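**Student:** Taking the hints into account, I'd like the entire structure generated from these sequences.
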Amino acid sequence: MSTLITCRHVDFGYENYDAVVDLSMEVDEGDYLCVVGANGSGKSTLVKGLLGLIKPMKGELTVAEELRRTGIGYLPQQTAAQRDFPASVYEVVLSGTLSRRTARSPGDAGMKEGTPETRFQRRRPFYKWPFYSPEEKRLAASCMEKLGISELKNHCYRELSGGQQQRVLIARALCATSRMLILDEPITGLDPSAIQDFYRLVRRLNRDEGVTILMVTHDVAGVISQANRILHLQQRVVFFGKPEEYRRTAAGRRYLGGEDR
Amino acid sequence: MSMIAEMLSYPFLVRAFIGGILVSLCAALLGVTLVLKRYSMIGDGLSHVSFGAISVAVAAGWSPLPVSIPVVVLAAFFLLRITESGRMRSDAAIAMISASALSIGIVVTSLTTGMTTDVSSYMFGSILAMSRGDVWLSAVLSAVVLGMFVLCYHRIFAVTFDESFAKATGVNVSFYNTVTAVLTAVTIVLGMRMMGAMLISSLVIFPALTSMRMFKSFRGVVISSGVLAVVCFCIGMTGSYVFSTPAGASVVLVNLAAFLLFWMAEMILRQRIRWQPLKPGRKRTSPAGGAQTAKNARKWKTIRPEGEHAPRSAGERKQP
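Residue numbers (this note's numbering), protein chains in the order written: chain A, 1 to 261; chain B, 1001 to 1320.
There could be a bad hint or two in this list.
Where chain A lies over chain B, by a calculated footprint (3+ residues, C-beta under 8 Å) [unchecked claim]:
1. 1106-1112
2. 1145-1157
3. 1169-1176
4. 1213-1222
Some chain A residues near chain B, calculated using beta-carbon distances under 10 Å [unchecked claim]:
5. 47
6. 51
7. 79
8. 85
9. 86
10. 91
11. 97
12. 142
13. 155
14. 169
The hints are simulated quantities; they were obtained by calculation from the structure and are not laboratory data. It should be emphasised that the depicted structure is a prediction, and the values quoted were computed from it without experimental measurement. Virtual Cβ for every residue (Gly too), placed ideally from N, Cα, C.
**Tutor:** Put into structure tokens, the structure is as follows:
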């Protein structure tokens, strides 16, 4: 089992404000890491940092070679503008394959010919820009198949339920990469049964498809049985380790409730 | 037929037609992304800035285009920055900037030449405004806009739909936003003198809103907006020639008519779709905008026999 992301005493922040201080953690392949913490505790900043949208101010952030090549799948928080966006499900899912076109280092050593992961990681010629290649279409179809939304292909995104919209967005993220998914507060606005569906889906992806999951959430109680690592942030790391140990810490008891001493 | 031939025998009308078609096509295409990104008011703000810049240029005796294009491009950058940094509500910022620019224009004009017909033609447009140079410029502009939409269609979709995902997957989001802002600025300056500062933003907003009534995919909305904009412009111009009404206002009214038409068509289609049997777990939106609850859906399903699609009469209809 290889390590995908390693942070050693990393600070993330903006011009004159550190949102995350002295963070050390690692994400291994196949992990289901759950990031919890109060609002403004630096969770979203951490996500931006891991995605490479902001550079670490201090410390060392190492991202595994294979992840740097395919990128990280990302499920952002939904914006209000998306809820009534006129787009078919197929269009949304296909747009996830775009990231593979901007291969960060084309002709990279260790790039295998022929596997679907790497086949179209070459820069496309200019005149082919307006079209999706057959590989890209196949990839999108298989991602929709995996998430059980194939029959919604031509439906309009804004007419789907919250849970279905989440599935569409995961399918899009999986088109970008099937190695690792970062989910940023994915259950906001879902009803309880949709939340349970969603958790089952994520667990299935994690166990059966071997997708590494990093989920930012407020719903600790709902995820603790599934995650194998918990990271509790409050600008600094309050806790990083196994869920069983987290239950025993003061911070964990405060978040999980119950079991009064 | 003879009327159209008669119309096209005037060179200034031919110029107005060509320039207007190209400008409204560009405005409609750019409008789709602007409306979906909730920047609808940017067109309005920029046209007022453009009015201010042109008034100052005319008062100082400069030629209007070389002054107003850079000013409006700068304003577009500024408005985008404000929106992105999120320090100020963008709608408030746009309202503030457009009102200030409008007042600067009006004060400068009344101090120098006085409020003449010139000002009124900037406000409400003039059919004589399209010069030969303007037509060439609009041809270049529409070539750039069309080229961008054909070549970068998928990236434009990605940026419009979800900026944070696009950014995370390596699309250069700020580049696309900047290009969109610059092209919008040029489109508005070009179209403004014909359509009028008060009316040009409708070319940006209307086609996209109209198409969104009927089309459910981004591709459909983009194509339909382009076609609608050109068709509405041609009808509006012909109408303005026949009834001797101002060109800009006539085009806007045709756009409004198209919107109402599409809206009604959408309502009728929705009524039909609503009565199909619902799959469990699938949520449908009612025409009032509220969501159908799963409980309701199940009730409907048990009431109605499977596979019956026919709409009920209006009296029987139950509002959820």
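**Student:** Which of the numbered hints above does this structure break?
**Tutor:** Those not satisfied are hints 1, 12.
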